[in-house]
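Chain A is fixed; fit chain B onto it per the hints.
There are 2 protein chains.
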Amino acid sequence: MSSFRKFRDAIIQKKSKVCVVGLGYIGFPTALFYLRGGYHVEGIDLNKSLVENLRTGKLPMVEEGLTELARGYLPKLKIHSGYDELGETDIFVLCLPSPIDDNKRPITDYLESSLSSIAAIIRHPVLVIIESTVPVGFTERQAHRFSKIVSLTHDEEFWFVHSPERVLPGSVVCEMEENDRLVGGVTERATELGHLFLGSVFGENKIHRTRSKISETSKLAENAYRDTCIAFANELALLSTEIGIDVREVIHFANLHPRVDILEPGLGVGGYCFPKDGWILVNSTEGTKKLARLIPTARSVNDTMPSHVLHRIKTEMDSEYLAITRFAILGVSYKPNVSDTRMSPSLELISLLRRDGKELRLYDPLVRSNSDLKLSKELGDVVDSCDVIVFAVNHSWMKDALLKHDLSDKIVVDPTGSLQEERDRFRKYIGLTA
Amino acid sequence: MSSFRKFRDAIIQKKSKVCVVGLGYIGFPTALFYLRGGYHVEGIDLNKSLVENLRTGKLPMVEEGLTELARGYLPKLKIHSGYDELGETDIFVLCLPSPIDDNKRPITDYLESSLSSIAAIIRHPVLVIIESTVPVGFTERQAHRFSKIVSLTHDEEFWFVHSPERVLPGSVVCEMEENDRLVGGVTERATELGHLFLGSVFGENKIHRTRSKISETSKLAENAYRDTCIAFANELALLSTEIGIDVREVIHFANLHPRVDILEPGLGVGGYCFPKDGWILVNSTEGTKKLARLIPTARSVNDTMPSHVLHRIKTEMDSEYLAITRFAILGVSYKPNVSDTRMSPSLELISLLRRDGKELRLYDPLVRSNSDLKLSKELGDVVDSCDVIVFAVNHSWMKDALLKHDLSDKIVVDPTGSLQEERDRFRKYIGLTA
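Each protein sequence line maps, in turn, to chains A and B.
Okay, so the first sequence: first residue is 0 according to numbering that gives the first Met the number 0, each after it adds one.
Okay, so the second sequence: first residue is 0 according to numbering that gives the first Met the number 0, each after it adds one.
Isolated chain A, as found in the complex (with noise of 0.2 Å):
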């Protein structure tokens, strides 16, 4: 029997050994499905501290529905921060970051670094699945590097396939669960075994068949789409600043007709995937760098957000702004009800307001402090301190918290349009648009 008949069977008889490698905001829950799914299952992850925390069961990350499916199959995961006991592994499933540079240019490296560490340890038929989201055509070349530093033969006794998750931060477990999914091999028989793997643990019909360069290429445009959606709204905001009316009464009315769907603009966007995809697909090769227009100007237009933000603030506080000081941040996160403050506009302000000498007291109980960033426990305490109040993240449960407090002394900037109702029991409300 072939050895891809022989890997087919396995997974069919789910005797693949199966290993995720990183265990964070993707890889952890991804790894709790394989094994909810069946499969013998490990995890690797070269940091220590996030090892550690899980081997005594403590969760990389708050989402919904994570702790129950932690309780049932967290106790089964082999959790290893090095490579040397992987040699076993017939899936590899790759959950590592893919960052961009300052130069917006996709860095793969921890991707590469893997790679080459399997290759160093693996000797028998293996499955590359890699969910990272990756620059088009990223697939295809690590697995012709493969080819050229394993003793094994490409088609024949390893296969390489991309499988980008698309999940909602702060809906991971039940978006991992629900959504469709794509799977795009370097070749047809790995995305036979792809689909066979992922079908057997998320259901065949929600795993949809194609190439590696399709599917790289669909993830990207996603999250480009979704960037270049959201720019919209904010270039509507920042010209309806300039008219002088409030671009959220345009959106409403704009949004009765049949065909027109503009989303919320606000501070600007976050998170660990719209501010970076855009830039891979553009910068994916030097050509494709060249004809976009669209994507760039829509990162930049978002990217402008805080500063505009902070222009508002200047612009309705007038001469109030040099004499006071003392300035509240509610909500540091990048969206609401997430712990997650990757690339936040919330960090964009406070470094924007810090670099105009004002003395910020930042609050946000779903965010750990650490060193570079001291959040304040006691919302109460923060509200009398301060004087201008930043709404900066609309967490669900904290404008009531908010309200709750006297405010008619305070000025209050509220960008993302929650307190707009409420504006009279402020002394001064300052929006994102007039």
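Cross-link-like lysine to aspartate or glutamate pairs, in silico, EDC-like; alpha carbons within 16 Å at most: (1) B/K288 to A/E241; (2) A/K16 to A/E84; (3) A/K289 to B/E241; (4) B/K289 to A/E241; (5) B/K427 to B/D317.
Facing chain A, from chain B, some residues (calculated, C-beta under 10 Å): (6) T209; (7) I213; (8) S239; (9) I244; (10) A253; (11) L280; (12) T284; (13) R292; (14) P295; (15) A297; (16) S299; (17) V300.
According to the in silico footprint, chain B covers these stretches of chain A (three or more CB under 8 Å from chain B): (18) 222-235; (19) 254-267; (20) 277-284.
FYI, nobody ran anything at the bench for these hints, they're computed from the structure.
Each residue gets a CB set at the ideal place from its N, CA and C atoms; glycine is no exception.
Here is chain B on its own, set in the frame of chain A:
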């Protein structure tokens, strides 16, 4: 009783005399709806041949349901070609063109000139409803100007309202009846009168009250939003071509994402609205012009598509491009199933091919020939006499008609992706992307 109350009561009793100014794509069906709504309606258009045609029952365009509507109400519509006899009008509804000039600046001359004519004849209270798409602030400025050239008092004896249409060409009658619409007055009383009048014709729940600046901006934002969404699909087509993949495959898979709905890419964006409305929004003021970046970029991406298609033709035909001179263009309207050729990207491709010395035969039975646009009558003749067939517009019946012919020695260019599944029936198939 105040003029305002009297005016309002006249609307309630449907005694107001209505005049629709401009009897083209929007004005003509609009007039019929007001007649159907029970008002005495007259119409005026300075285009004498249009007026002659209407007087003899010849409709200005083909639209589903229009013939039926016209059968009942066109005989009741008194049509003028000058303002002399319109002094008794109570409600003027302006459905006039508002194009842009070569510098993308809005041209509002038709509207301004009509308002001057109205000012010259009117001696009693009047409601002016502007249905045209106008730069932000236009309605307010015109109300101000009007107050200086009539002996009537603003908000006591005359009222200005902006109430944009929102119809899809091809479904004008159905959408005019069913879509929600805005009524944005310069003053609150103006909004009230506009709401009363339009509500009495289309149902008051469908008419949403706002201010003129909001209604002007909403209308422009609606079309700029759609244009930007199409530009995203088109930019993705440019990138996919460079990458060497089929953009439609990418979009198909990306749209499996629960929050992604990328539109169709193609030969570009035409018609009377999308190519100009983004520019009207951006160029409404000097300030907005300086701020806008995404909307102008979207316009530019969409404008570039005919050149991209020419580039695809040249690349795929290679040396044959120089050798072959006879090209057929099937479809010259700006989108499928309409007769409108305004700003059609097909016309732009025609002009690019002519610049390269190609002999073109054009076919589009929905469009009338004229001295600038000579159309062939027989599809068979066109196909037989050309080596390259550009399927520029996907009229719903045209694909079947084309496929009745033997195309095995033809090069077929298919920017709309309509013939992808039949690609093996042609000597060569050239899609929008690889």
